[in-house]
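Keeping their order, the protein sequence lines are chains A and B. Following my numbering, the numbering of the first sequence begins with 468 at its first residue and continues without gaps. Following my numbering, the numbering of the second sequence begins with 468 at its first residue and continues without gaps.
These are calculated hints, taken from the structure and not from any lab test. Mixed in with the good hints there might be a few duds.
Identical copies look the same in the list; a pair holds intra-copy or inter-copy alike.
Cut-off 30 Å, straight-line C-alpha distance, at most; resulting in silico cross-link-like pairs (BS3-like, lysine-lysine) [stated by the list, open to error]: (1) Lys531 <-> Lys776; (2) Lys812 <-> Lys531; (3) Lys667 <-> Lys812; (4) Lys776 <-> Lys625.
There are 2 protein chains.
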Amino acid sequence: MNDEIGPPVVGMVGAGQLARMTAQAAISLGVEFRVLADTPQDSAAQVCVGAVIGDYRSAEDLLKFAADCDVVTFDHEHVPREHLAALERVVAVRPGGNALRFAQDKLAMRDRLSATGVLAELGVRCPRYRAVSGPAVDALADGRPIVLKATSGGYDGKGVWICDSNEAVAEVVSHGIDLLAEEYIPFDRELAVLVARSPKGQGASYPVAATVQRDGICREVIAPAPGLDPDVAVRAQRLGLALAAELGVTGLLAIELFQVGDELIINELAMRPHNCGHWTIDGAVTSQFEQHLRAVLDLPLGSTGAAAKAAVMVNVLGGGDPDLYSRFVHVMAADPGARVHLYGKRVSPGRKVGHVTVTGTDVEQLRDRAWRAANYLSLGTEESTGEGGR
Amino acid sequence: MNDEIGPPVVGMVGAGQLARMTAQAAISLGVEFRVLADTPQDSAAQVCVGAVIGDYRSAEDLLKFAADCDVVTFDHEHVPREHLAALERVVAVRPGGNALRFAQDKLAMRDRLSATGVLAELGVRCPRYRAVSGPAVDALADGRPIVLKATSGGYDGKGVWICDSNEAVAEVVSHGIDLLAEEYIPFDRELAVLVARSPKGQGASYPVAATVQRDGICREVIAPAPGLDPDVAVRAQRLGLALAAELGVTGLLAIELFQVGDELIINELAMRPHNCGHWTIDGAVTSQFEQHLRAVLDLPLGSTGAAAKAAVMVNVLGGGDPDLYSRFVHVMAADPGARVHLYGKRVSPGRKVGHVTVTGTDVEQLRDRAWRAANYLSLGTEESTGEGGR
């Protein structure tokens, strides 16, 4: 804790790429930023002075880390609920445990959203769902595949199974983890709305983005979502702001949505900087990382305006070549305007090791450039924009 | 030195705000960045992992620092010439001593520029000048004031005296430092051209900016320079690229120019990120800090294109309130689109403690916003755009 006149200390639990990019934003704000990292090699630990090495599952490590912070926030949602409560007794925790719960527990999230009037008011819905308890699972299915999700602990497609047979369902259920079963939504495309909310209650929404996932991993984000009906966009933004207030979120709230015609269906929530907002570093006036810091510090929020007509972000997944840096050099030569962000992570196949953002006016040209750069960096995982489209 | 596959290590001698903002850029590039700092409280030392504390005037400290680096570069030009030579025997030093010399020694710079054909070819000139050796000083003056400059070691107006009497000249000469006497140029305005050059010889120039200095300290930068004749702009950019090649610069070269009608007169050179280029963080595709890293690493250079029609940068000088952070909060509330960059420096009157950049289309509105934010941050040093205009 900083008792002298001067900027506050923000501590982030977790030291992945989200913490790394938040550290980068903290430099301009002049706030002190610390991370609780698993190892000194963690993405953010490499670039944060005084990274604390510890275990986010240990109350002792968390409390020790928090003792030097004015505000504690998170790079992931895996801190146990009882530890969040212990933290809240000694430090400002943002988002707080009562909000974070709905990003940690998908069943609690579905139940909570069903109980609010917000969704009905905005004409938004959740997929039909139920907790899995034995043989009743496939009653939801109507001949469509059924989606099983681990109620907690999943990320990047891990913990989600799309099952099109009773055998597949039985196989997942046999693992003995807590599951939620949901209706499979045959969506037209996926959208994401990203909002920030401060403890004082100020809210701000970024333009709604179109996202493309493959194997459960975000691959491409286009902002703003091309051709999105302005009424639908406003509805998504109102949803973001209303849910952030309803759930008492402080910091960022990302809502992943399925679009079916003009209908919006809520897929997932996250309460932290999110892959759907990486484009904001190069494409918006205020990056999501700075915005998260402003929000958790209860500072006035920054402009969420786009800095260019369009931005396309493509994730770089680890490929067959461990020498990412040398490949980066070629990308620089091929496209001096591509904004590449590397995370300092060891390359392993399919791992998110960086992203590329390109801004400008013609979305198809931007997609071409962003995919070309990302493909070159991800040797061995070549994909095309054509194949990647939606 | 990094022997494994992976990114190189760049070491910067000096840990002021230029190093701090370079550290921020290094995070995206995924290169390891270290600084040699005077104290752990230095602006960049606060945000750089493993900052080395040492004295840039000590060959031993420099060599020890360089032992862990692939490339050494600089946040200032004060490293003694003989130490640069010692460094060059063990590590890549960029810019090298033979180039840096002309940023260190104003007399050597003037002599060197007079000896090239570049200036005559581009119709650019230096002020008339001579080394000061006793009573012959005022022979240059023609009734105008005479400018005396310390040949080395000056910055932010320190080491420059505008003298309008023989007594004033005698007083400066009496300090016994090496001086250069120059013709006083009654300029219309000041311009700055910023270019990068890599060891492979690739060059790239940013748009020419208009700069406003007061008491020798840069206060305001407008990019691109409003109303600048495109031919004059191209001439300035060609000058930058030609001089970078002629002097063998690697990294950034900033040239401060006087504009008199269509005439360009060279004032100063610097071979590092420069205050005239701070606007590039928020206003250009590639920031000058990333560009400097690319250039010293011999990587392909990034796009120098502007990201907005106009950018205005105003420096924040320390004022009467030490609590810069609290003042920052008000600026955030008043102008959510103002990009404020704080340097983590203790506030003292007149010290550069941060800067504000605003981007958009209407230069007068942008100036208004940038000055309003900077004035609020600099309590006690209030200035107006009207007064500040040119």
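| field | Within, between, both or neither, where Lys531 and Lys776 count as close if Cα-Cα is 30 Å or less | value | neither (45 Å within a copy, 48 Å between copies)
| When no copy is named, should Lys812 and Lys531 be tagged within, between, both, or neither for a Cα gap of at most 30 Å? | both (27 Å within a copy, 28 Å between copies)
| query | Between copies, within a copy, both or neither: which fits Lys776 and Lys625 at Cα up to 30 Å? | reply | Result: close neither inside a copy nor across copies, 34 Å intra and 44 Å inter.
| message | Within a copy, between copies, both or neither: which one fits Lys667 and Lys812 at a CA-CA cutoff of 30 Å? | response | Classified as between: cross-chain Cα gap 29 Å, same-chain 36 Å, threshold 30 Å.
Violated hints, in rising order: 1, 4; the structure is consistent with all others.
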